[in-house]
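Participant: Fit chains B and C to the known structure of chain A by using the hints.
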Amino acid sequence: MCDCDCHKNYNLDTLIPLVGVITDIKEQTPDVKTFRVNALEGGKLFEHKPGQCAMLCAPGVSEGMFSITSSPTNKEYQEFSIKRCGQLTEYLHSLKVGDQITVRGPYGNNFPVDTELKGKNLLFIAGGIGLAPLRSVINYVIDNRQDYGTVDILYGSRSADDLVGLDEIQNVWMNTPGINVHLTIDREQEGWDGHVGFVPSYLRELEFSNDKTVLVCGPPIMIKFVLQGLQEMGFTKEQVYTTLELRMKCGVGKCGRCNIGSKYVCKDGPVFRFDEIDELPNEY
Amino acid sequence: MKKIAKSNLSALFAKINETKDLYVPVKNGEQVNFAAYSEEAEVDLTALKTVKSPKDAFFPQSENLYTCFNEQGKISITPEELQDKDFVVFGMKACDIKGIEVLDKVFLSEPVDSFYAARRQHGIIVGLACDKPEESCFCTVFGINPAEPTADVAVYDDEDFLYWNALTEKGNALTETLCDLLEDADNTAVENKKKEITAIAEKLPYANLSLEGWNGDALTEKFDSPIWEELYKPCLACGTCTFSCPTCQCYDIKDYNTGNGIKRYRCWDSCMYSDFTMMAHGNNRTSQMQRFRQRFMHKLVYFPANNDGMYSCVGCGRCVDKCPQNLNIVKVIKAFEKGGKA
Amino acid sequence: MQKIVERAKELLADGTVNRVLGWKKGDMCFNPEPAFFETAEDLDENFVYGGFCGANLSKYMIDASKLEGKTLVLLKPCDTYSFNQLINEHRVDREKAYIIGVGCKGKLNIETIKQSGVKGILNITENGDMLNIETLYGNTEMKYSDALLERCHVCKGKEHKIYDELIGESQDTSDRERFAEVEKIEKMSPEEKFAFFQKELSKCIRCNACRNVCPACSCRKCVFDSTKFDSSQKANTDSFEEKMFHIIRAFHVAGRCTDCGECSRVCPQGIPLHLFNRKFIKDINEFYGEYQAGADVDAKGPLTEYTFGDCEPSIVKERG
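Protein chains in written order, with this note's numbering: chain A, 265 to 548; chain B, 1079 to 1420; chain C, 25 to 344.
Isolated chain A, as found in the complex (with noise of 0.2 Å):
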């Protein structure tokens, strides 16, 4: 090999992936595990931030962006929601402590954490799986309490057994001073004592004052009612921020697939504020 310094690259070139292990498995709800992954030597692969993805891959079998929902504040390892519902997942889901996967990133922006949200009121809105890329953002908050103002956690599934790390919303976060958790399910369930209904329609019931920061992930059908249901109560599109999913390869804005106006959201999003979406041509 030449001693040209195009090889200072080599090892960092974000298309290699790295090797990470599987330390645990939760078992969350019917289709939803959360892995717990770490380096080979242990630790944590890289370092991220909140609402970054990172490319999976179970080589031979096929490979998927998933937000990292585990806080940066946690030193010890990284953890990914993951719903079965393709090829990838459902292979996924068939992995048990130890095995290994190929792991490269972490891709993406963040949820501006460290600037536009510090000293806010906080609103996370999530719905079914969408509390996994906020999971990472909540936790965050809570370990950096101090700078940030009050937070309000609405999230709801199809049914209890839909609501991803309950055990944790359950335990941690309810039991931390100054946030409220507003749980919701669909329909009527025996056992299941709160609140019923979709979250758009929780949303107006709960009355929340509009000098909160809103964050919401979930399917897109909640997502446009959610932003409806925000702006009657007062809230500016200024106000609200989201995660774009779209199909990815690359991860470094080149490959060209989740292009969308002059964005790519794997380099430029996934985050962003719906002001910002608003100026993207209507293709995502």
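Note that these hints are calculated values from the structure, not bench results.
Note that the coordinates shown come from a computational prediction; the quantities given were computed from them, not determined experimentally.
Be careful, since some hints might not be right.
What the hints assert, rightly or not - Derived DEER-like restraints, expressed as beta-carbon distance ranges: (1) B:GLU1299 / C:GLU329: 32 to 42 Å; (2) B:GLN1366 / A:LYS339: 41 to 51 Å; (3) C:GLY93 / B:GLN1366: 44 to 54 Å; (4) A:HIS357 / C:LYS245: 38 to 48 Å; (5) A:LYS339 / B:SER1288: 50 to 60 Å; (6) B:ALA1315 / C:GLU210: 47 to 57 Å; (7) C:ALA204 / B:ALA1267: 40 to 50 Å.
What the hints assert, rightly or not - Among the chain C residues that face chain B by a calculated CB cut under 10 Å, a handful are: (8) MET52; (9) PHE54; (10) PRO58; (11) GLY127; (12) ILE134; (13) GLY294; (14) GLY333.
Glycine included, every Cβ here is placed at the ideal spot set by N, Cα and C.
Facilitator: Showing chains B and C alone in chain A's frame:
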């Protein structure tokens, strides 16, 4: 300025090839494409345009990224070696060289693509001034001068001689190694040649094509135009335009199953293809109109928005020559200028 | 051409058809494109029919069959074979088409003209049997018959196989033996054959133009587009890939290919793809009797019909 008799070119190629890989335009049947030099290869410097652009030399249609072994659940990864040998691409035209500048904006922006960067570092471009520009050429519209390839070495074909003008350090170094074969020359022939080329370039049918209104700020206006509906219908959704284009850089990442692991490679992809944006939960561009629009919006609006106004088109005219149904970027630009059928 | 425009305008005006599928003038005389016309003004201003209107419009009728009302489609004699075959395969709706069979005296191939060494073409005009070619580098001329598409040299005849009305004269332009090229390859040794096809197919850039233009390739979802398939649409690392693509495609259209020649017309690398299909046609003729796909709209293809007289698979071995 140096020169070499064209009758002596094979000696020049052989000399370059002694220490470096060499890519030259090679004729295969009626088609000319850049390929590795060999004594048997039918080198053709007269063809103005190769079917595929020479971007292949820096961004191959298909290249391995790494090999991944999976032995009893233990995964190991061996990255592909980066280019570490110098190579020469001989005979690139001014438009294709500008095409590489466009690719640079993509692959050399952070995070740098090391595979591409290594090839750029080791690649030496010998540019050939366009002897006879053709009707589909419109590089001048993008400010490119077909008589002045901005390469490491600019070469001019004039009757019995090739004139050789090193323009960069890399070019000088290459010239050094060939000093036995190159002789000194004065500028007269080259100056005349340049005038000749420029005179033709001014007469090209697309020389006055106007890009007015195509810029990074035109996003909504252009995107929402009803003209796309009129334009896309004959499009076959093939990748001819994409794969012959010197600036198209979209790629796919795929795995080749080796039995006990995978070979991961990337290959050119086309935004014209139906599966380009398909994912588990759906496809955000479901119609061919959307895909057709994406290609031109990217070249003429999105790319300039991100790159200080630089277009992702260099006017090489390959799509004009090669589209099976005669659609192309020139027709798109003209249709918008006219304002559609109205 | 004016007759076509006038008749198309009448049919639009009296509501017989909702749109016209024809060719639109290009920005050069040799690059017209397939197009739909919905108004008389559009036809007057943009319609063209001439020597460079080689594109076979039949396949566009698959989508047009789903539109409201009838589409007036202009078909050349050889295009009608494709259209019949598409009816036979239930891909187009005969009731949704009003077919004007347009006259054809052979269509020109701009690539052939360029390959003869003509550069910088500005205009081409027909002058009897000759083409006057105006270029940036002076004027030249060429015989019309020397600039034809390959398929016109093996013309299937001047007869339209399906139409509602005819406009214009056609002529049979065949001046070559249809299977001559195939026979030449058949005579090669296995090594020569392999070398021949490797040389040709290694040029393939997997742009899919041949497949996408092919009227017989009308599957809604092609196996090569499946994301679960290792080689979906694009070039693979393995050079074998290209051969697989073309050979699988040739097998899939065998017995249904009308030999319309669009695959070879559109290939940017000039691969003579029609040779695969023509080999199949020749073999089918020899094994099952003369058969021309698309000649008869109700015909049962030899590969989709079983008879006691069919040859046995062992024929492959017997023939060597």
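Participant: State for each hint whether it applies.
Facilitator: A quick look at each hint next to the structure:
no., hint, verdict
1, B:GLU1299 / C:GLU329: 32 to 42 Å, "violated, 57 Å"
2, B:GLN1366 / A:LYS339: 41 to 51 Å, "holds, 50 Å"
3, C:GLY93 / B:GLN1366: 44 to 54 Å, "violated, 22 Å"
4, A:HIS357 / C:LYS245: 38 to 48 Å, "violated, 27 Å"
5, A:LYS339 / B:SER1288: 50 to 60 Å, "holds, 59 Å"
6, B:ALA1315 / C:GLU210: 47 to 57 Å, "violated, 35 Å"
7, C:ALA204 / B:ALA1267: 40 to 50 Å, "holds, 48 Å"
8, MET52, "holds, 7 Å"
9, PHE54, "holds, 9 Å"
10, PRO58, "holds, 4 Å"
11, GLY127, "violated, 21 Å"
12, ILE134, "holds, 8 Å"
13, GLY294, "holds, 5 Å"
14, GLY333, "violated, 40 Å"
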